[in-house]
Amino acid sequence: MIPEFGNFALVMALGIALVQSIVPLVGAVQNNSRMMAVAVPAARLQFVCVAISFLCLTISFIQNDFSVLYVAKNSNSLLPLHYRISAVWGSHEGSLLLWALILSGWTIAVSIFKKSLPLTLSSRVLAILGIISVGFLLFLLLTSNPFLRLFPAAAEGNDLNPLLQDPGLIFHPPILYMGYVGLAVPFAFAIAALLQGRIDASWTRWSRPWALVAWIFLTLGIALGSWWAYYELGWGGWWFWDPVENASFMPWLVTTALLHSLAVTEQRNTFKAWTLLLSIFGFSLSLLGTFLVRSGVLVSVHAFATDPARGVFILIFLAFVIGSALFLYAWRASAIISLGRFSALSRETLLLINNVLLLVACATILVGTLYPLFMDAMQLGKISVGPPYFDKVFAPLMLLLVFVLGFGPMTHWRKDTFKNLINRLLKSALISALLGMAFVLLIFGPAPLLTTLAVVLGVWVIASSLATFKNHLGKDKPLDRLRLLPLAYFGMLVAHIGVGVFIIGVTLVSTYEQSETVRLAVGESYTLANRRFELADLTSVQGPNYNAEQATIKIFRGDHLVSTQFPEKRFYHSSSQPMTEAGIDAGLFRDFYISLGEPQQGNAWTMRLNYKPFVRWIWLGALLMAFGGLLAVLDRRYRKKQEGAN
Amino acid sequence: MNRKLFRWIVLFLLMAISHALPAQQVVTFENPETKQRYENLLENLRCLVCQNQALSDSNAGLANDLRVEVERMLRQGESDQQVVDFLVDRYGDFVLYDPPLKTSTYLLWFAPLLLLILFSVSMITYFRHQKTIMTEPPLDCKQRARAADLLNDVDQ
Chain A
1 MIPEFGNFAL
11 VMALGIALVQ
21 SIVPLVGAVQ
31 NNSRMMAVAV
41 PAARLQFVCV
51 AISFLCLTIS
61 FIQNDFSVLY
71 VAKNSNSLLP
81 LHYRISAVWG
91 SHEGSLLLWA
101 LILSGWTIAV
111 SIFKKSLPLT
121 LSSRVLAILG
131 IISVGFLLFL
141 LLTSNPFLRL
151 FPAAAEGNDL
161 NPLLQDPGLI
171 FHPPILYMGY
181 VGLAVPFAFA
191 IAALLQGRID
201 ASWTRWSRPW
211 ALVAWIFLTL
221 GIALGSWWAY
231 YELGWGGWWF
241 WDPVENASFM
251 PWLVTTALLH
261 SLAVTEQRNT
271 FKAWTLLLSI
281 FGFSLSLLGT
291 FLVRSGVLVS
301 VHAFATDPAR
311 GVFILIFLAF
321 VIGSALFLYA
331 WRASAIISLG
341 RFSALSRETL
351 LLINNVLLLV
361 ACATILVGTL
371 YPLFMDAMQL
381 GKISVGPPYF
391 DKVFAPLMLL
401 LVFVLGFGPM
411 THWRKDTFKN
421 LINRLLKSAL
431 ISALLGMAFV
441 LLIFGPAPLL
451 TTLAVVLGVW
461 VIASSLATFK
471 NHLGKDKPLD
481 RLRLLPLAYF
491 GMLVAHIGVG
501 VFIIGVTLVS
511 TYEQSETVRL
521 AVGESYTLAN
531 RRFELADLTS
541 VQGPNYNAEQ
551 ATIKIFRGDH
561 LVSTQFPEKR
571 FYHSSSQPMT
581 EAGIDAGLFR
591 DFYISLGEPQ
601 QGNAWTMRLN
611 YKPFVRWIWL
621 GALLMAFGGL
631 LAVLDRRYRK
641 KQEGAN
Chain B
647 MNRKLFRWIV
657 LFLLMAISHA
667 LPAQQVVTFE
677 NPETKQRYEN
687 LLENLRCLVC
697 QNQALSDSNA
707 GLANDLRVEV
717 ERMLRQGESD
727 QQVVDFLVDR
737 YGDFVLYDPP
747 LKTSTYLLWF
757 APLLLLILFS
767 VSMITYFRHQ
777 KTIMTEPPLD
787 CKQRARAADL
797 LNDVDQ
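If you read the protein sequences in the order shown, they are chains A and B.
Take the first sequence: its position 641, counting from 1, is numbered 641 in the numbering used here, and each next residue is one higher.
Convert by adding 646 to the 1-based position in the second sequence; the result is the number in the numbering used here.
Since the hints were made in silico from the structure, they are not lab data.
Each computed BS3-like pair below joins lysine-lysine, with the alpha-carbon atoms no more than 27 Å apart:
id: 1; chain 1: A; residue 1: Lys477; chain 2: A; residue 2: Lys427
id: 2; chain 1: A; residue 1: Lys392; chain 2: B; residue 2: Lys681
id: 3; chain 1: A; residue 1: Lys419; chain 2: A; residue 2: Lys475
id: 4; chain 1: A; residue 1: Lys382; chain 2: B; residue 2: Lys748
id: 5; chain 1: A; residue 1: Lys475; chain 2: A; residue 2: Lys427
id: 6; chain 1: B; residue 1: Lys748; chain 2: A; residue 2: Lys392
id: 7; chain 1: A; residue 1: Lys470; chain 2: A; residue 2: Lys427
With the hints as constraints, model all of the structure from the sequences given.
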């Protein structure tokens with residue numbers, strides 16, 4: 001009964017979403033405020049329906065209802081309760097339901113925080129979000145219904161993919177989706193602005209916090225995914241340039257560009273049309289990512305061709321959304337006039353360079369991701385585009401970007417001169433060059449040129465940010481000035497410092513990581529990166545739905561015991577292949593990472609020992625970026641607007 | 647069993663296998679330089695039967711065989727290029743994560759540069775153009791009426 005109820009709620013949600021998307025739009029055209037007022041209750045009702053539907057699926061999982069095909073495929077009666085709940089989004093159908101739930105959640109958030117928006121704008125925004133909801137609900141009902149029954153019911157479920165039985169899966173997809181789907185809000189704002197044919201300063205003030213919040217979630221989601229892959233997949237990589245990762249990275253790059261463009265639009269009343277275009281691109285890329293991941297086209301063009309229903313649906317939806325958005329843009333953007341003038345050397349120009357570099361980076365990833373598909377479809381042969389390609393093309397673009405980044409915050413709006421800029425930044429440039437080189441030299445010894453350059457640029461971002469801060473405080477009464485600085489300013493500083501930290505982490509770990517595959521018997525040890533790894537013991541461990549072999553590995557520095565790790569090899573009852581649980585001795589300046597290989601004769605195992613210097617800085621940098629975003633969202637100027645309206 | 651379900655399960659198993667096991671064979675070379683070359687090669691070669699994994703990370707049977715093959719060739723003193731040529735001969739460019747530069751991949755390799763030029767030029771022309779057409783826009787009727795009102799207020 002419960003699955004049918006969930007299905008019914010989903011159908012209801014579709015009906016309500018149709019009303020939510022059509023009535024307010026017509027009302028906005030006819031200037032009929034009663035029709036426009038339908039948007040809010042419809043949005044809330046739609047959320048309730050989708051939430052009920054999601055709840056029904058969750059209950060089916062909790063109750064182990066294996067008469068539901070999706071539950072039978074992705075759960076098992078031995079699966080612990082928290083994984084039964086996270087298994088709801090463990091596969092295609094459920095993760096789309098989560099998509100729809102989060103989308104309606106964002107919609108309801110807009111309907112709550114919209115108080116200061118004019119009715120026409122807010123009802124248009126809600127209606128556009130409604131149209132996107134219609135697309136995804138239709139997709140769910142027509143091609144990916146999670147409530148399909150299985151007759152006769154399966155006696156036992158097939159179990160959740162062991163890889164996904166991890167706390168990481170509980171948080172990674174919802175957070176990433178919050179970001180992905182959150183981009184729908186700035187998109188809807190952009191379309192609404194195009195429909196009304198103008199944007200003013202208050203439009204940016206409404207749109208900017210939404211873009212920021214989506215960006216924060218996207219940043220956290222990607223970082224979490226990278227961290228999860230690092231400890232769960234068992235070989236200590238943190239980014240693979242896998243198409244699925246690229247699909248989440250592309251919207252991030254464009255949204256980062258959007259945030260900077262929004263800053264210019266808010267402060268300087270220029271870049272307006274460009275901001276709108278970026279808002280459209282951001283969400284379009286998140287739809288494209290959904291298409292690439294969900295249609296199976298990435299596995300192979302032929303997999304897509306054999307079961308095209310899902311792919312074709314998303315492709316049509318994608319074409320409809322992007323096509324109509326771009327058409328609207330081409331038609332209306334010329335009406336949106338930007339007033340601010342700026343000269344060739346100004347903060348506007350530097351932010352423009354930022355935008356160009358971020359977009360080129362994004363477009364390059366797009367080309368690299370789609371090129372093999374293109375070659376295959378054109379029958380030009382099969383090629384692989386992997387990490388070597390992306391590293392080669394991406395690194396120079398990013399280094400150029402962080403070089404420019406150091407100048408951005410220190411440059412004046414509208415007009416500046418090279419002389420002033422050099423005066424202000426010469427000291428930090430020299431300091432970062434010396435500090436960066438000394439840093440690498442002292443810790444790691446003579447380094448390759450590119451490594452040194454990248455570390456210097458990482459330090460440069462941090463040093464120039466601090467210099468900007470000092471400059472802002474001035475010489476007299478710095479404390480008074482400090483109190484006057486807006487929170488968003490600190491947000492920018494923290495996020496930029498995060499970029500520096502990230503660059504340093506990436507550079508050092510990729511240049512200096514060491515790893516070795518060794519065979520160790522109990523009592524034997526191996527020395528890597530000045531640490532002695534001793535296999536002290538081997539035991540068997542019983543988990544709720546797996547058995548594991550567990551090694552006890554003691555890590556010594558000289559004679560001093562630094563840490564004891566317990567890497568495992570798990571054999572899940574439901575699947576024949578073992579899983580690696582790495583043992584990680586984590587630290588701010590290095591990780592030691594141990595993953596078990598295969599058992600050998602004579603009470604021994606093969607295992608991979610890894611030394612990963614500064615690997616934590618990668619996620620630390622991402623966390624700083626997200627935290628900077630949070631500070632910016634909390635800035636008083638976005639709240640004042642709300643209070644003023646109440 | 648339902649055929650579609652069966653396919654899903656197989657796919658899922660394949661994915662799980664290809665992800666679950668990092669390759670762990672103990673391979674030693676006398677020369678540390680050769681060892682480094684061996685590892686570099688494995689990182690940049692693709693396992694042909696996995697979803698998206700390098701030879702160094704895959705534990706599929708074929709990957710195992712290919713690793714042994716690479717090891718053998720390096721021991722015989724063959725160069726990296728010879729190893730790569732051998733594998734490309736057998737399996738095509740698909741085996742290379744670093745796509746070779748040839749007619750069909752010119753677009754791929756020059757894309758970043760082309761995009762950079764294209765984006766920069768279009769940005770520059772756009773903002774140049776905007777600068778020349780930009781003058782204060784004339785007030786529309788409403789604004790003019792409002793200005794008149796304000797002036798009246800001041801007069802009173």
